[in-house]
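Student: What follows is each chain in one-letter form.
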Amino acid sequence: MTSTRSRAPRPLAGGLLAGSGAAAATIGLLLAAAVLVPVLNLAVAADSPVHMPTWVVSLVGKYLTFALLALSVDLIWGFCGILSLGHGAFFALGGYAIGMHLMREIGGRGVYGNPLLPDFMVFLNWSELPWYWHGFDSFPFALLMVVLVPGLLAFVFGWFAFRSRVTGVYFSIISQALTFALMLAFFRNDMGFGGNNGLTDFKDVLGFDLQDDRTRAALFALTAVVLAAAYFCCRLIILSRLGKVLVAVRDAESRVRFLGYRVEYYKLFVFVFSAMLAGIAGALYVPQVGIINPSEFAPANSIEIVIWVAIGGRGTLHGAILGAILVNYLKTWFTGAIPELWLFALGGLFIAVTLLLPTGIVGLAEHLRRRRPPATGDETPHLARETAP
Amino acid sequence: MSTAAVHARPEKHDTILYLDGVSVSFDGFKALNRLSLYIVAGELRAIIGPNGAGKTTMMDVVTGKTRPDAGEVFFNGGIDLTRLDEARIANLGIGRKFQKPTVFDNHTVLDNLELAIAGDRGVFASLFFRLSGEQRDRIDAVLHTISLTADSGRLAGSLSHGQKQWLEIGMLLIQDPVLLLIDEPAAGMTDAETEATAVLLKEIVKDHSVVVVEHDMAFVRSLGCPVTVLHEGHVLASGTLDAVQANQQVIEVYLGR
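Residue numbers (our numbering), protein chains in the order written: chain A, 1 to 389; chain B, 1 to 257.
Everything labelled a hint here was simulated from the structure, so no lab data went into it. Here the structure is a predicted model, which is why all the values come from computation and not from measurement. Keep in mind that the hints are not guaranteed to be accurate.
[To be verified] Some residues of chain B that are not near chain A, with every Cβ distance over 12 Å (derived): (1) Asp14; (2) Lys30; (3) Ser36; (4) Pro50; (5) Arg96; (6) Phe98; (7) Asn106; (8) Asn112; (9) Leu115; (10) Pro177; (11) Glu203; (12) Gln248.
[Claimed, not checked] Selected chain B positions facing chain A (Cβ under 7 Å, derived; list incomplete): (13) Phe26; (14) Ile79; (15) Arg83; (16) Ala87; (17) Ala90; (18) Asn91; (19) Ser126; (20) Asp191; (21) Met217; (22) Glu232.
Note that CB positions come from ideal geometry on N, CA and C, so glycine has one too.
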């Protein structure tokens, strides 16, 4: 045995080659935004050129909730090969959980002035609160439900799917069916979630007026901090042996089984964790946009998340955040300037990235950086260059 | 080992691997047809046979990938393998090397071995896993055995074909199984690599039971171990390589072609 231990540098899985530099930058930028944006909004005079209007704060806050959602999808798709086309469902469930609390907080200030029942229930001539609305008047209970409901659904769904070894496109299709079924269910008035209109007209959260600039700035800061924390947790997972097992499952699932790992438990763990992140993203989204309705369950929404991740750079984590912010910024711009072209632009962008930039924007940036010293050949296989979809 | 010893049906509790009357069919095609095979502890056995003889299906049955339609499969004397799944069987101590070298391309050589190293396979155990000094030493020892010490930081995907084969054998070793099933270790190797692989296997068999499926007769000869010939899902002949090569039936179905 060799006594001198020459540990070769250990490159991390593929796209994480950028490693701690990109991670530190991501977390640093998010925390800086958490401080700077509220300052630019609240402390800078409204006529100053660097003043940030409140609508921009909430818009960027919304982008960050989408970034968290994209992060949750990248964790399972980029690192474990689980392509969920139903992740919007977990986002929406988290949103509904917090939305139910915000509805209860309205109390007697609704249009009908009923202290117990939300407006839509009064409108439907309901006489009492359905059993599943109980408890949501408590904020901690609602927070618990934000992670518990998506987590539980993901657990049950994943338990059956992964145990039956449903993989690849079959998994994608049934996850799409899941969100579609939930959408149809939530559209029904007698489900007790406001049907078509969903939950809206929120007044305040924990007693703070939701229309107040300070509340909005605080929600933004909270979103940025939560996103940074979630990113940090995802990285911890990816850098642990668990993360290495996930990548191994993605690349050669049966080989992992023959090594003695219970692949279904690993998938279940990461799927449930990812669903919880998506739920948290939904819970941060709803108070900032002021509404949650069944259209959040629309299958197209879930597909769009995957596009954000692909454009940013799958299997990199920070690429997902970048992709979500960038695509949603483009969407805002397009739907303002030339709304009828947005879907074509999105589709075109997706096709272009798939064909020309299979590793997304982050992969391109890395490629350019690595090309600078011309001697090093590109012999290391990139994370995105894999055998199975 | 003599021909007689291979032919004899040992008591179940004396065997490390005991297959008796195992049949598997896929859509009417009998991949295994009342196959009986007995491996005793510490044995090195080569399995040969033409394509479609059932060699890989036999390994699938032993490792839990395929359930047999009939027959008994026991490990270590009394453990019924037909009731267990792949992960359980792997944890019992049966390691498998695939025909096509299957390593984790996006992980380094070191990480491949770290994933394979014996230990708790639980999700949370993996989340908090740290290599102990002892485990690092074991990895170093295996790296040395498979001649990949200098390449430990390289991504497995960038290794040559022969190196991948060795890495996979190394992953088997560090799993520390009782029984190794090795599917065509010499496939696609250069002569020098093949020779080195034979030496490696003979080293391994000092403290493991090994079943090797192989096509390359020169390689089988260099192993110098008893040979079992499979044909159409059952055992056609067993014995030394010279004996089975002289067997008229074997010549007809396989070697003579």
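Student: Would you mind marking each hint as holding or not holding in the structure?
Tutor: Each hint tested on the structure:
With a minimum CB-CB distance of about 26 Å to chain A, Asp14 of chain B clears the 12 Å threshold, and the non-interface call stands. Distance check on Lys30 of chain B: its Cβ is at least 24 Å (rounded) from any Cβ of chain A, clearing the 12 Å threshold; non-interface status holds. The claim that Ser36 of chain B lies off the interface holds: its Cβ sits roughly 24 Å from the closest Cβ of chain A, which is beyond the 12 Å cut-off. No beta-carbon of chain A comes within 12 Å of the beta-carbon of Pro50 of chain B; the shortest separation is about 25 Å.
Its closest Cβ contact with chain A, about 5 Å, brings Arg96 of chain B to no more than 12 Å, contrary to its assignment away from the interface. Non-interface status of Phe98 of chain B relative to chain A is broken: a Cβ of that chain comes within 12 Å, the nearest being about 7 Å off. The Cβ of Asn106 of chain B sits about 5 Å from the closest Cβ of chain A, inside the 12 Å cut-off, so the non-interface label is violated. At the 12 Å boundary, the C-beta of Asn112 of chain B falls inside the reach of chain A, the nearest C-beta of that chain being 8 Å off.
Against chain A, the non-interface label of Leu115 of chain B is violated: not every CB pair exceeds 12 Å, the least being about 6 Å. Remark: the non-interface label on Pro177 of chain B conflicts with the geometry, its nearest Cβ contact in chain A lying 9 Å away (cut-off 12 Å). Distance check for Glu203 of chain B against chain A: the nearest CB is about 15 Å away, which clears 12 Å, and the non-interface claim stands. Every CB of chain A is more than 12 Å from the CB of Gln248 of chain B (nearest about 38 Å), matching its label as outside the interface.
The closest approach between the C-beta of Phe26 of chain B and any C-beta of chain A is roughly 17 Å, which is over the 7 Å cut-off, so the hint fails. For Ile79 of chain B, the interface hint is violated, since its Cβ never comes within 7 Å of a Cβ in chain A; the closest pair sits about 15 Å apart. Given the 7 Å rule on beta carbons, the hint for Arg83 of chain B is violated: about 16 Å separates it from the nearest Cβ of chain A. Because the smallest distance between the Cβ of Ala87 of chain B and any Cβ of chain A comes to about 5 Å, under 7 Å, the interface hint for this residue holds.
A least Cβ separation of about 3 Å between Ala90 of chain B and chain A falls short of the 7 Å threshold, and the interface hint therefore holds. Hint status for Asn91 of chain B: holds, given a least beta-carbon distance of 4 Å to chain A, under 7 Å. Evaluation of the Ser126 of chain B hint against chain A yields a held restraint, the C-beta minimum of about 4 Å falling below 7 Å. Hint status for Asp191 of chain B: violated, given a least beta-carbon distance of 26 Å to chain A, over 7 Å.
Given hint, Met217 of chain B at the interface with chain A, is violated; its Cβ is 28 Å from that chain's nearest Cβ, farther than 7 Å. Hint status for Glu232 of chain B: violated, given a least beta-carbon distance of 26 Å to chain A, over 7 Å.
Against the hints set out earlier in the document, violations occur for numbers 5, 6, 7, 8, 9, 10, 13, 14, 15, 20, 21, 22.
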